[in-house]
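Novice: Next come the chains, spelled out residue by residue.
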Amino acid sequence: MSLEARVQLQKGTLALDAELAVSHGQVAVLLGPNATGKTTLLRALAGLVPLANGRVVLEDAVLEDTEASVRVPTEHRPVGVVFQDYLLFPHLTVLENVAFGLRARGMARGKARGCAAEWLARMGLSAQGGARPKALSGGQAQRVALARALATDPRLLLLDEPLAAMDAGARVELRRDLRRHLASYEGTCLMVTHDPIEALTLADQLIVLEDGRVTQSGAPAHVSAHPRSRYVAELVGLNLFQGRAEGGAIELPGGQHLVAADAGQFSGDVFAVVRPQAVALHRVRPEGSPRNVWRGSVENLDVAGERIRVQVAGAVRLIAEVTPAAVAELHLDDGGPIWASVKATEVTVYPT
Amino acid sequence: MTAGGIPGREREHEADRPRVGRPPKRAVGRAPAGFVLLAALAVAFLAIPLIGLVLRTPWRRLPSDLVAPGVPTALRLSLECSLAAVAVSALLGIPLAWLLARVKFPGRNLVRALVTLPMVLPPVVGGVALLLAFGRRGLVGQWLDRWLHVTLPFSTTATVMAEAFVAMPFLVITVEAGLRAMDRRYEDAAATLGAVRWTTFRRVTLPLIAPSLGAGAALCWARALGEFGATITFAGNLPGSTQTMPLAVYLALETNPEAAIALSLVMLILSLAVLVALRDRWFPTS
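Going down the list, the protein sequences come from chains F and Y.
Mapping of the first sequence onto the numbering used here: position 299 corresponds to residue 299, and the numbering continues sequentially without gaps.
Basically the numbering used here = 1-based index in the second sequence + 1000.
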């Protein structure tokens, strides 16, 4: 592991208690709802916020260890940070901004400027070297911030919502740019975002932070296929259930049962997911093969592409995705009772 | 300026923004006659003395008055002492402002009150206090006299001390406000780039609060330049070593009123220059 950290601290009402490990050269993305401590965790790794308890180790070097009373100050950590609104120094030119870290670490002025100019060239910003940050576009400012952070050759690169300030139109290209730059960076990278698309496209490893705790961590494909919290399930658009597997069925907290084809392999606490497309809706109780049938009512209808997402309230809450024709045929918006059914083969089960 | 933290400029920015969502401007009602009358009186009261000064200036004799014996000396001494006072105030006042703005220490409010006190204290009281502290028999002065053979009162150093005593608070208060308003995350950014605290302070903090520092220094300088009470009490009125412009003006008024007017005019022009330099801060374009 390149980065291993256990971070415990209290900031206002937020109690941060997170543990994470990132392999060398990987891009880890810290994903989570707003105000769950992502930025605070990043600042703690950079040494800008002291830990109440915990340990940060980067490539075998201990940066902080509360038990051993070790704390390397921010300016001596081999850590580069791209802040959320970049924080380019407004009184310095773009070139001076990029040269700042090299100068602060004792490089001679001329050499630092030469090095900074190389970085600007690599970012395609040679023409902007003499400009003030104020004159830059959002995308240019982001690349300058990246160049400034990378110029000091950090072993860990922290990025705080690097694309949040961009408008949607520019994001696709900037995301591609960012991925290219991150790929050529050989150190370890940890990026914070609340945008799931950014997370899924940029991450080698996805770390989900909710309420100051890591709820899930792993490869993006694995995390999105096996959500372990409502937040992740909603993010990837799956129905998530948690219950106890026993004898081929899962007992849900409300006393309902979810029959799953592969539930027999498990016993004890499990998660189960059902794709919304696999949920069928009926006006009368369906006869036949579906093993899971629940009565409920339509709570909300949303357009999702060419389909309609139907929120069903009842003993078991779930989301179904049906065609507009089905909505019309079944008069789903009349408030009457409906039946939702799920085949046992459509339920994916995995242990908690 | 995103982080200079000078209130005036921020207001200016607000004015730049489109005025969406603001309540429609109210039609200006007719002003009450009594108010107009009293306001006009106030303006007249403030302006007439200055007009009088300008009208009574013996323009033809002005060049010779300005080089009359003692005048260039007083002028030079005033400039030197007031600039030295600003330098002392900056050297001691900026670290103090930083501590007041950034460090929570016990008694911080007390220190701030103490620092502000000379702004409201009658300057002559300040002079008496300085004399009691740094005079030959003063609290500190006796030791300076005995051990270092340094006698402060009635010296040019005393003039600088008297001016710094009354003027430093202006710099401290203004710089502290600038430090508080500044976006501290720029300092975080500097630290992540490997800058130690001194480098951060020199290359990031100071440039970002430059507008506040400039305003504070200008206020401090104007106050030091006009200092009279504390100076005459603590430093005396010795031509060439402690007689600054305000003292010279006061003295000349009895012997050579024309020279007093000429000197006053010079001070008025200097004050106007400070006002013009600070206009963005005090009169944001609204």
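Heads up, a few of these hints could be off.
Rough simulated footprint, nothing fancy, chain F against chain Y, three-plus residues with beta-carbon under 8 Å [said to hold, decoys possible]: (1) 1034-1046; (2) 1264-1278.
The calculated label-pair distances, taken between Cβ atoms and stated as ranges, are [what the hints assert, rightly or not]: (3) Y:VAL1054 - F:GLY110: 48 to 58 Å; (4) Y:ASP1183 - F:ARG179: 39 to 49 Å; (5) Y:ASP1183 - F:GLY138: 10 to 20 Å; (6) F:GLY12 - Y:LEU1091: 30 to 40 Å; (7) Y:ARG1108 - F:VAL62: 48 to 58 Å; (8) Y:LYS1104 - F:GLY305: 49 to 59 Å.
Only some residues are given here: those of chain F computed to face chain Y with a beta carbon under 10 Å [what the hints assert, rightly or not]: (9) ALA68; (10) ARG71; (11) PRO73.
Hints listed in this document are in silico derivations from the structure and should not be mistaken for laboratory results.
The beta carbon of each residue, even a glycine, is placed where N, CA and C say it ideally should be.
Novice: The structure should be examined with respect to each hint, and the outcome stated for every one.
Specialist: Okay, the hints, checked on the actual structure:
Counting residues of the stretch 1034-1046 of chain Y whose beta carbon lies closer than 8 Å to any beta carbon of chain F gives 0, which falls below the threshold of three, so the coverage claim is violated. With 0 residues bearing a CB less than 8 Å from a CB of chain F, the stretch 1264-1278 of chain Y misses the requirement of three and the coverage assertion fails. Against the hinted window of 48 to 58 Å, the Cβ-Cβ separation of VAL1054 (chain Y) and GLY110 (chain F) comes to about 55 Å, which satisfies the hint. For ASP1183 (chain Y) and ARG179 (chain F), the hinted distance range of 39 to 49 Å is not satisfied, since their beta carbons lie about 30 Å from each other.
In this structure the hint that ASP1183 (chain Y) and GLY138 (chain F) lie 10 to 20 Å apart at CB holds, the actual value being about 18 Å. The supplied range of 30 to 40 Å is met by GLY12 (chain F) and LEU1091 (chain Y), whose beta-carbon atoms lie about 38 Å from each other. For the hinted restraint 48 to 58 Å between ARG1108 (chain Y) and VAL62 (chain F), the CB-CB distance of approximately 35 Å leaves it violated. For LYS1104 (chain Y) and GLY305 (chain F), the Cβ-Cβ distance of about 55 Å falls inside the hinted range of 49 to 59 Å, so the restraint holds.
With a least beta-carbon distance of about 22 Å to chain Y, the hint placing ALA68 (chain F) at the interface is violated under the 10 Å criterion. For ARG71 (chain F), the interface hint is violated, the least distance from its beta-carbon to any beta-carbon of chain Y being 13 Å, above 10 Å. Given hint, PRO73 (chain F) at the interface with chain Y, holds; its Cβ is 8 Å from that chain's nearest Cβ, closer than 10 Å.
Comparing the model with each numbered hint stated earlier shows that hints 1, 2, 4, 7, 9 and 10 do not hold.
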